[in-house]
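K.L.:
Below, each chain spelled out in residue letters.
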Amino acid sequence: MTPRKLLRIAWWEVTRNAGGIDRRTLAVAFVILALFGLVTPLLLDGGVGLDDGLYRVGIDESSPYYPVVADDETFVVRPGADRADLRNGDVELLFEGATVQFRDNPKSLAAYGELRGTVERFNNEQLRLEENGTAAFPVSVLLEYRQRGGGGDSPRIEDDDAGDGGASDGTGPADDGEVDDAGPGDDPGSGDGEETDGTGDPTDGGGSGTGGTGDRGPSLGGDSGGGLGGISGPLSDDQVSGSPADISPPFPFQSLVLAFLFVIPLNFLIQAYGSTILSERINRRGELLLASPVSRFDIIGGKTLPYFLGGMALESVIAIGLFVVVHGELGGVVSLLAVAPLVLLFLGATFLGAMFARSFKELTFVTVTITVTLTSYAFVPAIFTDVGAVALISPLTLVVRDLQNEAITLGEFTFSTAPPLLCSGVFFGLGAGLYREEDMFDQRSLRGRLLDALVGPIPRAGGSSRLTARLDPYVALDLRTARQYVAVGGLTATLIPFVFVVQLLAIALLFALGEISLILVLVVVAIIEEIAKSLHVYASFQHRRFEPGLKTALALGVASGVGFFFAEKIALLAQLVGLPELAVGEAGLQGGIVPGPFALTVALFLLAPLVLHVVTAAISAVGASRGKRQYGIALCLAMLVHLAYNLTVVMAVV
Amino acid sequence: MFDPRSSLFTVAKRDISSLSREKTIVLAICIQLFIAGFSSFLVVGLTSLYDPSSVDSEERLELAVTGEDQEKLVGAAAETDGPQLFRYDDREDAIGAFDSGDVDAVVSVSRSSAGDGTRLRVEAVVPAEDLKTTLIVVRLRELLTALERLERTERGAQLEFTPVEVPSDDAGSSSYFGFTYTILLPLLLFLPPFISGSIVVDSITEEIERGTLELLRVSPVDLIDIVDGKALAMVLLAPVQALLWILLLRANDIAIDHVGTLLVLVTAVATITVVVGVVLGLVTGRRRQAQLLYSVLVILLFGATVLLPEHPARTVALLSADSATTTTFAHVGGFAVVALSLYAVVRRYVGRVDPESL
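The listed protein sequences derive, respectively, from chains A and B.
To get the working numbering, take the position in the first sequence, counting from 1, and add 450.
Residue 277 in the working numbering sits at position 286 of the second sequence, and the numbers go up by one each step.
Please keep in mind that the hints were generated in silico from the structure rather than gathered at the bench.
None of these values were measured; they are calculated from a predicted model.
Misleading hints may appear alongside valid ones.
As the list claims (entries may be wrong) - Covered by chain A, according to a simulated footprint, are these stretches of chain B (three or more residues, beta-carbon under 8 Å):
#1 128 to 136
#2 167 to 174
#3 300 to 310
Cβ coordinates follow ideal geometry from the N, Cα and C atoms, glycine included.
Sequences are here, hints too, so could you generate the full structure?
P.N.:
Structural data, given as structure tokens:
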């Protein structure tokens, strides 16, 4: 790779790429976005009220519930409705005086549930108008989140201070009595919390989260919390205070906002990037560059660099802007470093996708898949910011913590950013394997291309590969056959980050399900690991890299299994931040330190997994050597063996 | 004699078969399934985290109670079938029990004077960074709301407003109802039109960029036929997918009303997005520009619908949940009229486009 050539190509990409975005398009896009900016306040302010008028209620003005129902737009008042209307399903709730009747169907029941929330909200609103504040809200609650056993982690703030801090910074309106001189809703902070659109929970303290440490918390949660109906977002959730209705479980609303802020722009970026890469492959346009005296790595690097820099510039603006808004000062270096792997991951996946796609239509679907998958990868774990280790799966958590001025250890940083970084490396590597004249311009199916990409790094029998040829000067033996096996093992090892990311995502998606999640995670683990160990072996048999035969297949299985085993031990990284504290985490990244005698530890920790990986890889390799159907059957068998082993280990250890 | 209508269907068929050949439509449906699953996961997962009553956990909360007014809390706990209380005289002891994991939370109750009266001051300590935290906080809130209600009744004489009684909680209503109709279903119904428009952009710009449009024009069809065919294929694809979703939801015992009207709405929206796609594809002739403009424009259009008396998502919700009003039907009609007239305008525009200039 020569930097000069790479930069030259990057410059071309920016200035005169065929099909690049011209100024006129950009101008139009900006006008549209500006218009959208005009609409946004309406969206946030008025609330879209998606469930307005969803439930119809038969009620007379004489009923004590009339003002309650009339006050909530979710309900439509149908005066004069009677029991026949209720039976026919023309109204969902029917009031006869103070008693309410409903039918036993989902809609009626949902209306009834909604009514309960509405009544509570209505009561609280009316009581807020009372002169006697202490009688209206006779109970004040101070909720303190405390690290168990840690003792000093979350120091208890003095009563008076906590009260002041709580009330003066965006606590719920009902909290007015906490500080005597603050009238109901007359401090700026509580204004935010008053918007409710009736979709949520009875609490409406949108900004109630920031509590005693409000000076550190941004107003994000408060501003937008109203739109979601009282999901309060404590950014630094040491304390929450207010009346009982104001306390609500920690909901990391800011992660949601952050995820959208950081991830959405990337989706536009990859659209343009995917187009660039694919347009090289259309009408053999890329042939010119390929024929020029530059390596394909120069071309790929040059084409990617502008998009990477552009993406990072965008993210820096967002990160620095956030810091200025939140802290009033410049900052966000850690956030930027944390987002960089995410940008690379998006680009890498898109690059590989664009190398696979046959047409723009296919590319659209590939991009959408990437968008959805990676957004959930960045987003889902970040939801659980308060659950510690799981959250760290997503680099966005680092951003949240950075914003909260929380310390981030190097181990945590590595744990969070290394998998996406390595994964993007794998994507670029596999894609680069296809960036050749003979692969770029043909119209193979997605499946065929996947196999092509996987077989790329495995040298032909007797041929040399650049990767393993470097060993030649150091090793005297003839390694040409061995090289192939090394390449297979190496490829398995390279796929590990990918396996790792999928497993982490599975953990994040499944751990909330409770008991069953352990089993489900084990199933996912077995499936993904067996595929990673055998798919390229299958591909190399299909491409005749190896002669089918039992001995070859077994040897390949051993190579793949050993490669996987070594790379998996790098997953020990997970131990650094204590993810295995969660039983699920332990199941996913098995190889937890088993308590017990040393010999047992060695046996369980090193020997058993090695044997497992070799055996299962050999099973699927033998299947792969025989054909497509046999491969499928053998793969399932290998997965079952793997699952059985995992279950045994987990039963024994947990 | 050559029948222009058959050429239209030939182009439409060609486009659809290219989709199925590339299996991209399978991918599209998988993506939609994933998005639906993902959003359902989000809601179901979060709701169960957020509203533990939906999980129906049998486990009772164990609370350590301290403070001079702990009797009040004990009284409130007797009203709800809530947590198990353990009394501690000393707060430090209670915190110790909390730290060692013997109790789930520590609650101290004391009386404090505030303004013109006194107030019960509750200090609750709950574990940070624990999966159970949400459950604990919600249960705690139930308990404290009961306490608040008792106290309010005691001081009722000082209040002008008598709180309306909250209906009892024995109906077992599901919190997913609103989500299904107001978010999930609109999402599922509006995603296909969005994708359809995007495919039209690809389909047109690809013909232009690859130069195959010229080949098509050598055949006895004119540009209007080609555009008609492509548009028709994609417009029809959207309601078919929408119908699939509706049937899938129905199979899951989710009643959906006004299916016909919903499909009309989806078709109308798909026509609008497809028209946008066609125009952008023809005007720019390049995929990148067209796709970028298409996505921002469609987002803008969708955002702008907030200005309508009834948001399209709400229209879907009201129709499907059988709460539709005249306004709802008027909206569907309005969308249909807008779609048809836009399409007519675009046909005129296409008729004037000089194919040589593409």
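K.L.:
Check, residue by residue, whether the segment 300 to 310 of chain B contains three or more positions whose beta-carbon lies closer than 8 Å to a beta-carbon of chain A, and give the verdict.
P.N.:
holds (count 5)
K.L.:
Mind checking, does the segment 128 to 136 of chain B have 3 or more residues with a CB under 8 Å from chain A?
P.N.:
It holds, with 6 qualifying residues against the three required.
K.L.:
So is the segment 167 to 174 of chain B in contact with chain A by the C-beta rule, three or more residues under 8 Å, or is the coverage claim wrong?
P.N.:
With 5 residues in contact (Cβ-Cβ under 8 Å with chain A), the coverage given for the segment 167 to 174 of chain B holds.
The earlier numbered hints are all upheld by this structure, with none contradicted.
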